[in-house]
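Engineer: Listed below, chain by chain, are the residues.
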Amino acid sequence: MTTFPELHLLRERAPLVQCLTNTVVQQITANVLLAVGAAPAMVAHPVEAPEFARVADGVLVNLGTISDATADAMRAAVAAAGETETPWVLDPVAVGGLSVRTRLAHELVEGRPSAIRGNASEILALAGAGSGGRGVDATDAVETVLDSARALAERTGAVVAVSGPSDAIVSLGRVSQVTGGHPVMQQVIGTGCSLGAVTAAALGAVRFGVEVHSDHDAVLAAHALLSAAGTLAAETTVRPGSFSVAWMDALHELTPERVGELVTVEEHA
Amino acid sequence: MTTFPELHLLRERAPLVQCLTNTVVQQITANVLLAVGAAPAMVAHPVEAPEFARVADGVLVNLGTISDATADAMRAAVAAAGETETPWVLDPVAVGGLSVRTRLAHELVEGRPSAIRGNASEILALAGAGSGGRGVDATDAVETVLDSARALAERTGAVVAVSGPSDAIVSLGRVSQVTGGHPVMQQVIGTGCSLGAVTAAALGAVRFGVEVHSDHDAVLAAHALLSAAGTLAAETTVRPGSFSVAWMDALHELTPERVGELVTVEEHA
Amino acid sequence: MTTFPELHLLRERAPLVQCLTNTVVQQITANVLLAVGAAPAMVAHPVEAPEFARVADGVLVNLGTISDATADAMRAAVAAAGETETPWVLDPVAVGGLSVRTRLAHELVEGRPSAIRGNASEILALAGAGSGGRGVDATDAVETVLDSARALAERTGAVVAVSGPSDAIVSLGRVSQVTGGHPVMQQVIGTGCSLGAVTAAALGAVRFGVEVHSDHDAVLAAHALLSAAGTLAAETTVRPGSFSVAWMDALHELTPERVGELVTVEEHA
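From first to last, the protein sequence lines stand for chains P, B and A.
For the first sequence, the residue numbers in full-length UniProt numbering are 1 to 269.
For the second sequence, the residue numbers in full-length UniProt numbering are 1 to 269.
For the third sequence, the residue numbers in full-length UniProt numbering are 1 to 269.
Any given hint might turn out to be false.
Reference excerpt, derived from the structure (chain B facing chain A, CB under 8 Å, subset only) [said to hold, decoys possible]:
(1) T23
(2) V25
(3) T65
(4) R101
Listing some non-contacts, in silico: residues in chain B with all C-beta distances to chain A over 12 Å [unchecked claim]:
(5) A129
(6) R155
(7) S244
Think of the hints as simulated: they come from the structure by calculation, not from any bench.
For every residue, glycine included, the Cβ atom is placed at its ideal position computed from N, Cα and C.
Isolated chain P (complex conformation) (with noise of 0.2 Å):
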């Protein structure tokens, strides 16, 4: 079984995330970083951001509802990011299919994130091996992406992961797979998006780790915990509205230990 010790940092650190998110999640998320025990703070003006992402603990870019306004506040956000070496997620949502998204997610791409999050199709559109989703959905079967999950990865030096039934945790040399959660989660608007805020989170709070695989880990227990919170929460409801209200009380209540029993990880190099 496996120990998440990155949850324990994630509870003691309680990092400050600022999330640069689509305006569809940006409650849920707000909520998912409180009940796992980080800040959430949206400052998006692009003046503003990249003031904020110099203090903040990690950043998220969503770009699931870009304006010219928000695009510009993620450009300055990441290059501060970069100048403090703050941890930055990109969750690249529907790229491949819309052209100002997928121009922006080339662009930030080179601002080296510590992590990408996206399903399938968007990952594979970052890549450049596919024409993108509808929206949030994806439509390619996650392992047939991990090869291009793993281009990306040595491209950009960023851990991916890949969501899906099962999500993929792909760096240079190892992919985790993590298996748990419930479909019922698909039917939650936020589930997706709030895991990159969590990822954020959690690379925050491995910040300063020198384990040669810190950010991997990081990025393994946040998917880990987001998704043992599903398969407990199912336990007592797959209805979305009332498992919305279970799945978050579960990432309240949950401890690092409850997580490794509620889903499994393989390891693969």
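Fit chains B and A to the supplied structure of chain P, relying on the hints for placement.
Structural biologist: Chains B and A alone, transformed into the frame defined by chain P:
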């Protein structure tokens, strides 16, 4: 008892609905669409909005929190929807009392929406017969607005839906009245705005229907579904927090047959 | 035991509250206003914002996620509220640490808000005595901020409310301390921001009051109501997901008399 074959189509076809909607209700709107079996996408950048409208099955244009940029996105999406003959729904939130959205609504309605959904005062204002309401509250009785709805349907070709204690669905030569739900729905933000989104989903589901009344029946089915979920949820709780959760669960669980048992539909020529 | 006649007025008059507030908390803010008997409207277009401020009973200006356009809307709404003597509330989220909103807050406060609500670090920053907090978290003890709150109340004429473990309501010659609620409220995003909106609602409800302390008592009643709902909800659950639902139900159910039983109010000269 009315059966709703359109609701079977909605589940089977899982229409992709682009929501150009207000930021207050984006989360609940997305969750409602997922609960009823549709797929939401909020793409509101002026360049991307028409790109997405061309691949969506239905488009919602809700004027609740317009900015200059989202107004441009709406214009572009409506033009694109016209080119691809994608059904789109206009929800003229608070039109009548506020200058920018009132001008915008009058402009957009020339783009021939498949349906227009609003409360009585909004429909009156859009028909040129009233001065609008105070936000999303109706201040005119549904009954007095039927003539205006008929005139608006005639002028625009749209199915016009007037929300109130009973909902009236008005098209050329036909008025259907849906009775159900519970007054607590007025105390949960977004139940009305979500109805606009589900209306777009239902129109997308019957998009290639050949029945004379396909669009009217789709709009009717959407209203019946959300109303039936309200009736069902209110059997458990009428407090707004827990009702909101129960309503989402009900939307997910309801079969088309059960919808017919929970609401009353009256037809008028 | 304190009774809260202002809460009766709130239910009777159903004040219309314009919320120029951050996009993270718009949904919960609207639901909270509906639950306590007020009517929410989020109208933030720079041209429409002052149109609406002239008909609203109260206006909330919350700086959480400002853009250039919403900043213009805030300036215009505040000016309009000044013309019609409509009460308005300033919530200076994260002021102190971020440049654009700090300048904006100092500018807006010249428009003479009826009330200013924030955590200790925000009130310190606005009073010119501190450097601000990291987002919505307070980093200064409520007690140390009372002098700054008094100075701010004197300079602006506003009732100044400082949120913390106990809330302090400060105006010329009067300090009221409200104790109640539960720490889990800190883990539900928007409980504080909603308090700003309910404060605007309560001020709108007593708008034509003739008592010396009408505004102070209205701000106090708003704080007592949300705090009491927290106390009551926490009797059922202290997990953030289910607490959030129970809190909304409690806001809807609480009578003014019951509020007085659930919180403690201490008065100081």
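Engineer: All hints, please: hold or fail.
Structural biologist: Hints versus structure:
Taking 8 Å as the C-beta cut-off, the interface hint given for T23 (chain B) holds, the closest approach to chain A being about 5 Å. Annotation: V25 (chain B) was flagged as interfacial toward chain A, and the flag holds, the nearest CB pair being 7 Å apart, inside 8 Å. Given hint, T65 (chain B) at the interface with chain A, holds; its Cβ is 6 Å from that chain's nearest Cβ, closer than 8 Å. With a least beta-carbon distance of about 7 Å to chain A, the hint placing R101 (chain B) at the interface is held under the 8 Å criterion.
Here A129 (chain B) stays apart from chain A, with its beta-carbon at least about 20 Å from theirs, past the 12 Å limit. Its beta-carbon lying about 25 Å from the closest one in chain A, R155 (chain B) satisfies the requirement of being farther than 12 Å from that chain. Residue placement check: S244 (chain B) does not keep its beta carbon more than 12 Å from all beta carbons of chain A (closest about 8 Å).
Hint compliance for this structure: hint 7 is the single one not met.
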